[in-house]
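Enquirer: Each chain, written out:
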Amino acid sequence: MSLLANTGVLLGKELKTEFRSRELLTTTVIFVVIVLVLFSFTFDPLSDEARRFGSGLLWLAFLFAASLMVQPCFLREQTNDTLSALRLSVSDPFAIFLAKLAANTLFLMITELSLLPVFAVMYSVPVVGVLHWLVLVFFLGSLGVSIAGTALSSISAQARMRELLLPLLLLPMLTPILIACTEVTAALLDRSPYVLWKGIGFLVAFDIVFLTALWLFGEYLLEE
Amino acid sequence: MWKRAIFAAIVVSLMGAAAYASLFIAPTERTMGTLQRIFYFHAAAAWAGMTAFSVTFVANLLYVWRRQPRWDALGVSSAEVGLAFITTVLITGPIWAKPAWGIYWTWDARLTSTFVLWLLYICYLLLRTLIEEPERRALLSALFGIFSFLDVPLVFGAIRWFRTQHPAPVIMGDGNSGLNPTMKATFFFSVLAMHVLMVFLIMERNRLEKMRFEVDVIRHELEVA
Amino acid sequence: MKNLGSVFAAYIIGWAVFFVFYVTVARRTSQLKDELDRLRDSVKKGK
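Chains as they are written, first to last, in the numbering used here: chain A, 29 to 252; chain Z, 363 to 587; chain P, 182 to 228.
Just chain A, with the same shape it has in the complex (with noise of 0.2 Å):
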């Protein structure tokens, strides 16, 4: 079969693996709130400052959510050892870390989408016309934070203290999606366009570096 077949498989499992109970949606919307929340206690939300200070701490938040959320990604594969049978399923190991990371992306902007509304509301900040370029810059850093997120996520779970190893791995990791996506977000919401086509370049350039990196080495992190 081809990587794209086998991929496509391994994603329907994947995501009916998360539909049957949604309890990773459930849980990483529930934390983003959360942050969100105490985040604006630590400032005045209905000031001009938190349009500047808005974005980043959405962005922050959602990166705190997705370190915590990408944990289960091979974790989940160690009970019963499924990963030696996914790898024997497919031809290619590429398949695998694609369809995870497609997973991921998706429940990623799942969680960012759901939470937009809140996030206008809560800091008062004007998204309804710029929401299809929110949508591209959301899917170009959920993507950027998955492809990481994944391949790390495959390093940790075989080490110990993964769950503290795996934001500490992976946080610094994205820093320039970090900062990319908030200027990109902060300039949208500010309605100055100049920021947005470098922006998009930039996560474009991004995704595509971490995505070759994951193809050249993803065979190896699957290792036995």
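It is worth saying that the hints were derived from the structure and are not from the lab. Any given hint could turn out to be false.
Label pairs and their in silico Cβ distance ranges [stated by the list, open to error]:
# : chain 1 : residue 1 : chain 2 : residue 2 : range
1 : Z       : N542      : P       : I193      : 33 to 39 Å
2 : A       : V146      : Z       : R498      : 38 to 44 Å
3 : Z       : W469      : A       : L244      : 29 to 35 Å
4 : P       : R209      : Z       : T544      : 38 to 44 Å
5 : A       : A233      : P       : L185      : 43 to 49 Å
In silico contact screen, one side only, chain P against chain Z (beta carbon under 8 Å); selected entries [unchecked claim]:
#  : residue
6  : K183
7  : A190
8  : A191
9  : I193
10 : V204
11 : L213
12 : R221
Below, a list of computed lysine-lysine pairs in the BS3-like style, where the Cα atoms sit at most 25 Å apart [unchecked claim]:
#  : chain 1 : residue 1 : chain 2 : residue 2
13 : P       : K225      : Z       : K572
14 : Z       : K572      : P       : K214
15 : Z       : K572      : P       : K226
Beta carbons: idealized from backbone N, C-alpha and C, even for Gly.
Given chain A's structure and the hints, the job is docking chains Z and P onto it.
Expert: For chains Z and P alone, coordinates are given in the frame of chain A:
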């Protein structure tokens, strides 16, 4: 044994000579005065640190490809040495910055990416302590090292392109826009001395790593017997 | 020569970092060397 002692003596002499040149031979810079002399140490250490991490990157790639323990040894040795150099950069930088510009730190592209680089390699070493099986540890840390190395230019780019609306006062580490010949010579001599020190430290640390590997092999032999 | 103190502080702290690193490595190496010799003796005795 003697080769190492001689090498050590060379290292000390070079570092001493570089310090002497930086402090006494190089002319005093016009705008910053004596303080500018920190630049010879700070910037040279930065270059050597980057070289060390490049060695780590190459060693990581070679390990993933070849799976020979010597590349893992070189990888961890050069990473630790690189961290030592970047630590001095992160310490001497603020010592220079405070009297020069009134602030200890600024979040411009170079400083921030240096700091993130430092953090990522700390994580590299931390990851190694959390994996017990030697081959797994070597492979996984090599892969993390590769991802980290690819990330750093992206960090630099992100800040360069997206945070210029928060202007940093000056970029630290430049020091001399118009380097006069003596200053240039002093700087390159410092860079040379730092690189020789780097090689020496990597070799010493690598020796430790190889010894550790041998100990593990013999222990294993004894257990099996 | 103002700021001479800062210059000396920078050099001394910088060298201290390298020195501490080297001393740590040297100490661990000598400890490990002792262990290695001990183990090699065990292997010889075993044979």
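Enquirer: Now tell me, hint by hint, if it's right for this structure.
Expert: Do the hints match the structure? See the list:
About 27 Å separates the C-beta atoms of N542 (chain Z) and I193 (chain P), a value inconsistent with the hinted range of 33 to 39 Å. With their beta carbons about 42 Å apart, V146 (chain A) and R498 (chain Z) fall inside the hinted range of 38 to 44 Å. For the pair W469 (chain Z) and L244 (chain A), the beta carbons lie near 32 Å from each other, so the given range of 29 to 35 Å is met. Checking the proposed 38 to 44 Å range against R209 (chain P) and T544 (chain Z) shows it holds: the Cβ atoms sit about 41 Å from each other.
The hinted window of 43 to 49 Å between A233 (chain A) and L185 (chain P) holds, with their beta carbons roughly 46 Å apart. For K183 (chain P), the shortest C-beta to C-beta distance to chain Z is roughly 7 Å, which falls under 8 Å, so the interface hint holds. Because the closest C-beta pair between A190 (chain P) and chain Z is about 6 Å apart, less than 8 Å, the hint holds. Given hint, A191 (chain P) at the interface with chain Z, holds; its Cβ is 4 Å from that chain's nearest Cβ, closer than 8 Å.
With a cut of 8 Å, the hint placing I193 (chain P) at the interface with chain Z is violated, because the nearest CB-to-CB distance is about 10 Å. With a cut of 8 Å, the hint placing V204 (chain P) at the interface with chain Z is violated, because the nearest CB-to-CB distance is about 11 Å. Given hint, L213 (chain P) at the interface with chain Z, holds; its Cβ is 5 Å from that chain's nearest Cβ, closer than 8 Å. At about 7 Å, the closest approach between the beta carbon of R221 (chain P) and any beta carbon in chain Z falls short of 8 Å, and the interface hint on this residue holds.
At most 25 Å may separate the alpha-carbon atoms for a hinted pair to count; K225 (chain P) and K572 (chain Z) meet this at roughly 21 Å. Distance restraint check for K572 (chain Z) and K214 (chain P): the Cα-Cα separation of roughly 11 Å lies within the 25 Å cut-off, and the hinted pair is therefore satisfied. Using a Cα cut-off of 25 Å, the hinted pair K572 (chain Z) and K226 (chain P) holds, with the two alpha carbons roughly 24 Å apart.
Violation of the numbered hints given earlier is confined to hints 1, 9 and 10; the remaining hints are satisfied by the structure.
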